[in-house]
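K.L.:
Knowing the structure of chain S, use the given hints to seat chain Y on it.
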Amino acid sequence: MSFRSAPLTVPVPSEVKAGLFDATIRAAIDAHVARYPAEWKQSAVMPALTLVQDWNGGWLSRELMDDVARYLDMPAIAVYEVATFYNMYDLEPTAKNKVCVCNSISCMLNGSEELIAHVEHKYGLKPGQTSADGRFTFKEVECLGACRHAPAVLVGRTYHEGLTPEALDKLIKGLG
Amino acid sequence: MTDKVTIDIDGRACAAHPGEMVIAVADREGIPIPRFCYHKKLSIAANCRMCLVEVEQNGRPFPKPVPACSTPVCAGLKVLTRSPKALEAQKGTMEFLLINHPLDCPICDQGGECELQDVAMGYGRDVSRYIEGKRVVQDENLGALIATDMTRCIHCTRCVRFGAEIAGVRELGATGRGEHVRIGTFVEHAMAHELSGNIIDLCPVGALTSKPYRFQARAWELSQFEGLAPHDGLGSNLHLHVRRNQVMRVHPRDNEAINETWISDRDRFSYEGLYSEDRLLSPLVKKEGAWQAIGWSDALQLAATQLKAAGSQLGALISPAATLEEMFLAQKLVRGLGSADIETRLRQQDFRGDATDPLLPWLGLAIADVEKQGAILLVGSDIRAEIPLLAHRIRKAAMDSQASVTIINPYGLALTFPAEQFTGTPTANLGDLAAIAKALGAKGGPGSVKDLIAHATPSDRHQASAQALLRAESGVVLLGALAAAHPDYALLKALASVVAKAAKLELGFLPAAANATGAALAGALPLVEPGARAAATPGAALDAMLAEARKAYLLWNVEPGHDLIDPTLAGKALAQADFVLACVSHRGDSVEAVADLMLPIAAFAETSGTLVNAELTWQAFRGVVPPPGEARPGWKILRVLGNLLNLEGFDQDSSLQVADEVRALCEGVSPSNALRGHVKAKPAPQADLWRLGNVPLYRLDALVRRAPALQRVPGAGCFSVHLHPDQATALGLVAGDAVTISQGEASARSKVALSEAVPLGCARIPAAVAGSETLGVQIGPVVVTKA
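Protein sequence lines correspond, in order, to chains S and Y.
Each residue of the first sequence is one higher than the one before, starting from 1 at the first, in the working numbering.
Each residue of the second sequence is one higher than the one before, starting from 1 at the first, in the working numbering.
Chain Y extracted, bound-state conformation:
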């Protein structure tokens, strides 16, 4: 099949693989063929008939025009896309397609960027002969993200195929027959899939459009810039569409190696958070409990004085989504002042593995290779919420190459692909992983890992999963965000490493946010200096930094109530500090409660910088809109602070220079996920009831938490106590009961919701949602009582 054939398209000789479709060859050669239903990432429907072309093989013409999207190439094929016969067929198709299409382009959001408009212009008649009545179709209500005008639909079924093939959830379908066909859900319900927004791009007409962007701008008013998604660790490539210095919408930018042609809804609609009312617009200082405006120079002077006073007693909490440049300058500042307490692992509680951790933990393989794995073991990850497009890659592995997917997670996941799920308390998670290790015949090195494996009793399911891991030619063990938040993360890592070694798999770490992997390169970790080198003078990790209050803290785009693993502990430590400098893009109660000085920093799309994604690809982006008010790019603020503190190495003129500096330090760095020793830590004691504090999809960071449309998606920010029905009965609770949640001194009130996905002995109580700010550690013992 690798043999190539040469076919002739419009007189041009084109190399092609036998079996490839004519339209794919033409697209590669840049020969235009009109189409609506064909999409390179979807199956071939050949139902729009727009791509009709004239074909002959070895001089024998086909009796009638054929669709280029479903005509495979073979030797001796000659294709005419612009012959009179082809043009006539295309014109005829176009006329049929327009029969029921309303001519409401002036009020249609797709107007000006509509495939139907363009193709009608290029291939249609200039005057309509149709005088009969047109069909009207009732609109669908698909929820907060997608607006519908179903009368405009031309039944290309791209959205239906997207659901079945990419999203893995069939919500849309074509019901009815002939003239009565309509695309819809048949039974009204909002679409809640994390990739649903892609059907907006797929729709060739104005039937499915973006709800937040609806009637906001016209395509020709927008300027397109390149951008990067600032949320998950994939760094999806974006096109930012800007009008009058405002980001109006976000589209995907093709990058096969990272996001293919898709982006998640979080990346698509989070731009709305840029324009939330609580953007911090100018430096503010707290005087006698009230916020007062302060000029930039005074503010920076104040910050410099206070940071200098704190000196080695300074702790820095940096958002793992901060740019490489910001992280690098921040750690330089902190280390320059004599402290090394700089942390970006904000949702981790167990740092006992620090001494043995790899210096540069990364995905362990290329993102595009995830779909080629034969076996994937996912430990502690709500993957669809964490990195939606990586879940898509795993789905491809499971569906297209029958990879075996095993998941060890505290709660059951609703997945779109077959997977063996081991669900249980955090203690049980350790046991399941140890059982798989034992089934693989691994013993584990010295330390408690050996005991865990020795005490494990593998069940048939563990054996089956272990066999699947062994059988696979290539595979990967991935540790996710819920593993990182686990009280025994060190042991999970050690066990995962044992499993990976025994089954000859890669070990990989899913980054917590857009630049979590880059943090090691920038040196924004207490034990790692720039270039992912072991620190000469190690600093304190997050736990120590919060257990014992520092004199001063630097918060970099961190909301203590939402972005830290234990908001109550963090709040207490920050309250005790003499001075808290918060460099943030948004105000927010939990920032205002603890900060003494707030400096406005530019958010995504407003600043330039570099993000290093899960697979260690450096991606640079530029600012495309000016920051609002007096907000300034973060790296500039840090640079000036460095100057004011008379520190060395703060004389860069652009973020590019900062990036070059980091790059030079990273020369010759080779990533390795191998652990550097044995972990001796003992497992955390059993708890009667565990809190499982997952971070919901649309609560990841300050920006997305402020995107109104995403917050309207069902379940986006709902704060409730999810209990297994039996667990609720045991606690004497029923659905809807008001309850008090207590974690030590921390407590909150909420309501009970029943869910079979939560195991016995656990209560899933989300973190980073409104109401969870007063709670304790994300995963830990909890008491739930009737209020």
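Next comes chain S alone, as it looks inside the complex:
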């Protein structure tokens, strides 16, 4: 969505910002902010959310999203929009491992629905739920950009491609 005037900012005093997250995270976000024009600080919202999510143990609370908004002088709703749009952000606590099955067109045609049904039956999980033993959270996600070897599954930061239900089982079994 494009807004006519420059991005709507909600300026927050720097002393408030100095108390957000921790120094390492702030420095890492600042490094991303520095890549964009000064008035387009909010362009760094995605890396900022990723950094904060990792720092928080894999998920974003509403308070943390508000803090990101404050840190980047953005309206809070603009951060919610980004965080709810992308699948890599989790708004509820998750297990350490996230098993993300792509369900966009190429993967769907190549059997991702089968993978999803398999996980649902074998582990009794619906997308978004965490396994009973707490080892992994099962997610159904939008295109991972790995259409060439569909169906693709993202575990942590690793892509696994051309998976069958058996291969996926093996993958899940190997999770720490």
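Treat the hints with care, as some may be off.
As the list claims (entries may be wrong) - Beta-carbon label-pair distances, calculated as ranges:
id, chain 1, residue 1, chain 2, residue 2, range
1, Y, N141, S, I105, 35 to 43 Å
2, S, A27, Y, E420, 30 to 38 Å
3, Y, E20, S, D169, 40 to 48 Å
It should be emphasised that the hints constitute simulated quantities derived from the structure, not laboratory data.
Using N, Cα and C, we set each Cβ at its ideal position, and we do this for glycine too.
P.N.:
Same frame as chain S, but now just chain Y:
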């Protein structure tokens, strides 16, 4: 870029500017193209895809239909809006849009005036092929004004863009993805923006509708009439929707020069006040402390006798929202009886500038030109509460043309645009303005202004603001309602005039209400006669009129407890009078307490008349519903009173004739905001603690105070003592403490609320709210103690 090109739309040659969007050209030419997300005042989203058209350039067709809203025109463009290909694309889009739209038109408030219904009728299929389940979306709670049915939302995002671009507050957003997208606030909170109601008009479906109007009427039962907003000094143009002689709702009427396509929530929802239970329905006379019904002829006879008896000892307090006709006849009546004490500046305490004031103070420039200014200095104005749509124009100046906005106000304002704010006690406000004058190198003429400037010590911020004012090619210094209520208004005006002159800016006055600017044209001021001429026999201003009680008073739609700068002083003066004639639309405790005779007058939408707005545009309006009960149009009551008193010039047959009379008197009047001399007044003494009595957005006048939905908006009428946390500590108070407020003999009880926006040395205690009736002057010394 000024070169025009000619494009072809459906075989018609249309002139267009290169870069303009196809849909804008088609709209100008009256060629219909369906759309949902496009709105001429908002940025282009091109996300609904309804406006797909077939296009070819210089004989080369575009490979697929393109959205007319985001296709810029260029030479040789040929557009087909109704070709088989275009129609097929539109039909396809329509089918997709209807997939998740509930077919609940029979219970939808938008039914009958729904863009989706209309476009589906014109461009859709007649039978749905969709048999799968539909999406359901939880409703949002957006507060007292806007009802939601989010399942109906088609994600055009007009409301989201309105928030970001017009309101300047992003409350709504599109969260989620794909099928899970929903428009909402994500975190529940009521919308409190003063223009929020416009999203009701923007919403093309029934997702956002008016809460007060919900389930009240059907669009096809309503008759539409033109009207004018009766509150702020803009005179926003309205459409009044009437069913069976009742105003059911209010919509904006486009007028680029005044309100563009918007209206404020106050103008939109105040109509509810017409139907409040305390409308005065028939003349009432007070006999031994009790109200008794009295016939119109007896009532008028009684009024005439008493007014005649008072003669030159008559004082008239006229609402600055009264029509030009009412003001004109009222002053004629008062002057005819030998008095000249007629006042419409009801929230002003300092009249020391009267002799040097401009005779016809106005905005100083056209409303539409405010957004073109390079620098704006706003003195004493809570602009978003005072004139919401002028705040929008200032926002446009600040955002779109990077105008520098400087604000000198007793308390900090929450704004939607960048501004340099100087906040401080009323004394500090004078100092800040003097410092800017000094930074501009101005000395000021003889009198105390010179001393003020000489003693000022401009800080870097003052210097920076002064430089911004100097740099601007065009700019304006505007004095608002809090400046008018300032104990040293005369000095503020003089300083503002010095600043304006030194920086070559316009000087402007924000009118207190819908017809405050017209008051000078009607002669409803003690020193000004009709046609904005200096009065031959000047009368007494409000302060003198209340300090020394008159024999009789005429109250014209004024509630003494709410509409006067010092309700306690006013109450005392009115109580001492032999006779108080209150011509009012609503009863109300403070009117009933002092009045001896109440005559019911027609309110907004029930009478005809003229309002002159801030930029001196005369706008006439007609009555569209009959007044309730025995209420009569105000000008008729005054006319008959004039006849009964055997006064000359009271034989008009219509309000039009009255308006013509005023117009003739105003022939050749040229407005000027230049002061006519030097002010000698000395500044008011410092106070330990100042009361800052602002009038909240929805407490401006009797009508809006009685609009239930507006009163439910958070903070609408809340009476509390707002203190800076440090100030509270110094006074030994914490948030929530019960306190006694004393202003001389006047006092009230309230609670403490903490706010960093209030400066040290001040307590923001609103005026015109329930509880403030027993207090004193709006801005003046106050003592706050723990109760």
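K.L.:
Could you say whether the range 30 to 38 Å given as a hint is met by the Cβ separation of A27(S) and E420(Y)?
P.N.:
With Cβ atoms ~32 Å apart, the hint holds.
K.L.:
Between E20(Y) and D169(S), does the C-beta distance stay in 40 to 48 Å?
P.N.:
Given about 60 Å between the Cβ atoms, the range is violated.
K.L.:
Could you check the hint for me, namely that N141(Y) and I105(S) are 35 to 43 Å apart, CB to CB?
P.N.:
Once the Cβ atoms are compared, 37 Å apart, the range 35 to 43 Å for I105(S) and N141(Y) holds.
When the structure is compared with the earlier hints, a violation turns up for hint 3 alone.
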